[in-house]
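Now for the letters of each chain:
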Amino acid sequence: METLVQVALFAVTLSTGEHAAVAQIDIEDGWHIYWENPGESGYPTELAGDCVLKTVYAPPHRFMMPGDILNYGYEGAVRLFGSGHCLPGDEVTLSWLSCREDTCIPGEYHGSLQELPADRISAVEEEWAHNTRAKAISRTDTGWAISLKTSRHSTIEYFPTAQIEAQGPDPVISAGIWRQKWTLKGEIPIAQSEKVVVRLQNRGKEEILIYTAEE
Amino acid sequence: MWGLLLGAAMALASEIGAEAPDFSLTSITGQTVKLSDYRGKTVILEWFNPGCPFVKYAHGEGVMREQAAKWVGDDTVWLAINSGAPGKQGADPEENRAAVEKWQISYPILMDPTGEVGQSYAAKTTPQMAIVNPEGVLVFNGALDNAPMGKKKGDPLSHLSNSLEALRSGQPVPNASPKPYGCSVKYAK
Chain H
1246 METLVQVALF AVTLSTGEHA AVAQIDIEDG WHIYWENPGE SGYPTELAGD CVLKTVYAPP
1306 HRFMMPGDIL NYGYEGAVRL FGSGHCLPGD EVTLSWLSCR EDTCIPGEYH GSLQELPADR
1366 ISAVEEEWAH NTRAKAISRT DTGWAISLKT SRHSTIEYFP TAQIEAQGPD PVISAGIWRQ
1426 KWTLKGEIPI AQSEKVVVRL QNRGKEEILI YTAEE
Chain V
102 MWGLLLGAAM ALASEIGAEA PDFSLTSITG QTVKLSDYRG KTVILEWFNP GCPFVKYAHG
162 EGVMREQAAK WVGDDTVWLA INSGAPGKQG ADPEENRAAV EKWQISYPIL MDPTGEVGQS
222 YAAKTTPQMA IVNPEGVLVF NGALDNAPMG KKKGDPLSHL SNSLEALRSG QPVPNASPKP
282 YGCSVKYAK
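Taken in sequence, the protein lines are chains H and V.
As numbered in our numbering, the first sequence has no gaps in its residue numbers, which increase by one up to the final residue, 1460.
As numbered in our numbering, the second sequence has no gaps in its residue numbers, which increase by one up to the final residue, 290.
Bound conformation, chain H alone:
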């Protein structure tokens, strides 16, 4: 059953000076694992260890489970990172919940970090930058608003980490500006670590935008 999710673990020193752990994950077809906000069910994938401060996530995808249950996560191949001070030889554990439409199986993989092969460094650097580069947006008492320039051929998906709901009509895209407001649901305040990941597809080209709440 462990072959549902295959994991290879590496340590890399990035050009920023960060000593990151890298988990290269390959998920069996039909199954998915979860983002830091798993959505309406599931459980976040986590990389943990003495050298890891926190898990740094790749942008997620949406999965609709039967019963209109919305999940955020990953399928196929994905790289997740651990920020902190990880070096080759350090031990880390990746833990996850893998689900399919009909069943869920938890798993974990424990190992020591290998040095990242040189030919992968630039791809990893780019991904790390992608996952950590964020725009700060001011928020109001009730949430955030984001405006994005779009065209008739755009599609937008967004992924919040906080328990927030979108206000306004479904973002049916037309040429011009797409404005989306998010409001807080319930009484949960947005912490500074909350963010929204947006996948913007424009004429076949995809852009990932990450917005973080600032106080």
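There's no promise every hint is true.
[As the list claims (entries may be wrong)] Quick list of simulated restraints, FRET-style, between CB atoms:
hint	chain 1	residue 1	chain 2	residue 2	range
1	H	1330	V	257	40 to 48 Å
2	H	1322	V	139	49 to 57 Å
3	H	1293	V	195	35 to 43 Å
4	V	203	H	1274	27 to 35 Å
5	V	280	H	1368	31 to 39 Å
6	V	142	H	1253	26 to 34 Å
7	H	1377	V	252	53 to 61 Å
8	V	203	H	1400	41 to 49 Å
9	H	1309	V	238	29 to 37 Å
10	V	166	H	1274	51 to 59 Å
11	H	1371	V	203	44 to 52 Å
Simulated from the structure, these hints should not be mistaken for lab results.
Glycine included, C-beta positions come from ideal geometry on N, C-alpha and C.
Here the structure of chain H is known, so what remains is to put chain V in place on it, guided by the hints.
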């Protein structure tokens, strides 16, 4: 986005403060159980899937048995509902019977294979808890606590206990719909 809109639509079917949807389901021991039979009592509903790791934890090392022991009584009833579709994880009645024995569950497990009852309560996860007051009003629907698999973020918070304590003392339920955690309910579609 559609998921959020549909989710909101489902929640309207079972809004906090509205009448809890009635149901008539058969238990794994062949008993027919109707929610309206228990008007006049507090009813605790637990969405159940014996194959789900979160449920296994809650019933194994976790708090489910002690919560049931604490709250079930003359004026309070506990019913588990399995809304999984035939063929999906934990939906086999045999598996539910085995779970009842293994975890010494003292309350009925009601089978909802079409998922209609689960959908009427917007049950998304197992476990998910709902509370219906003696007047038949839905007063809580959401997470059991803040500790999925026993891992708490911050101080331990039993949403179930806090809600029942509030009801007992005539206070409003402090947090009536905390986001539930767990495996997705294994609906047919």
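Now for the hints, and whether the structure bears them out:
The hint said 40 to 48 Å for the Cβ distance between residue 1330 of chain H and residue 257 of chain V, and at roughly 31 Å that hint is violated. The supplied range of 49 to 57 Å is met by residue 1322 of chain H and residue 139 of chain V, whose beta-carbon atoms lie about 51 Å from each other. Take residue 1293 of chain H and residue 195 of chain V: their Cβ atoms lie about 37 Å apart, and the range 35 to 43 Å holds. Checking the proposed 27 to 35 Å range against residue 203 of chain V and residue 1274 of chain H shows it holds: the Cβ atoms sit about 32 Å from each other.
Take residue 280 of chain V and residue 1368 of chain H: their Cβ atoms lie about 35 Å apart, and the range 31 to 39 Å holds. In this structure the hint that residue 142 of chain V and residue 1253 of chain H lie 26 to 34 Å apart at CB is violated, the actual value being about 55 Å. Judged by the Cβ atoms, the range 53 to 61 Å given for residue 1377 of chain H and residue 252 of chain V is violated: they are separated by roughly 25 Å. Our hint of 41 to 49 Å for residue 203 of chain V and residue 1400 of chain H holds, since their Cβ atoms are close to 47 Å apart.
At about 31 Å, the CB distance of residue 1309 of chain H to residue 238 of chain V agrees with the hint of 29 to 37 Å. Remark: the range hint 51 to 59 Å for residue 166 of chain V to residue 1274 of chain H is contradicted by a beta-carbon distance near 38 Å. For residue 1371 of chain H and residue 203 of chain V, the Cβ-Cβ distance of about 50 Å falls inside the hinted range of 44 to 52 Å, so the restraint holds.
Violation of the numbered hints given earlier is confined to hints 1, 6, 7 and 10; the remaining hints are satisfied by the structure.
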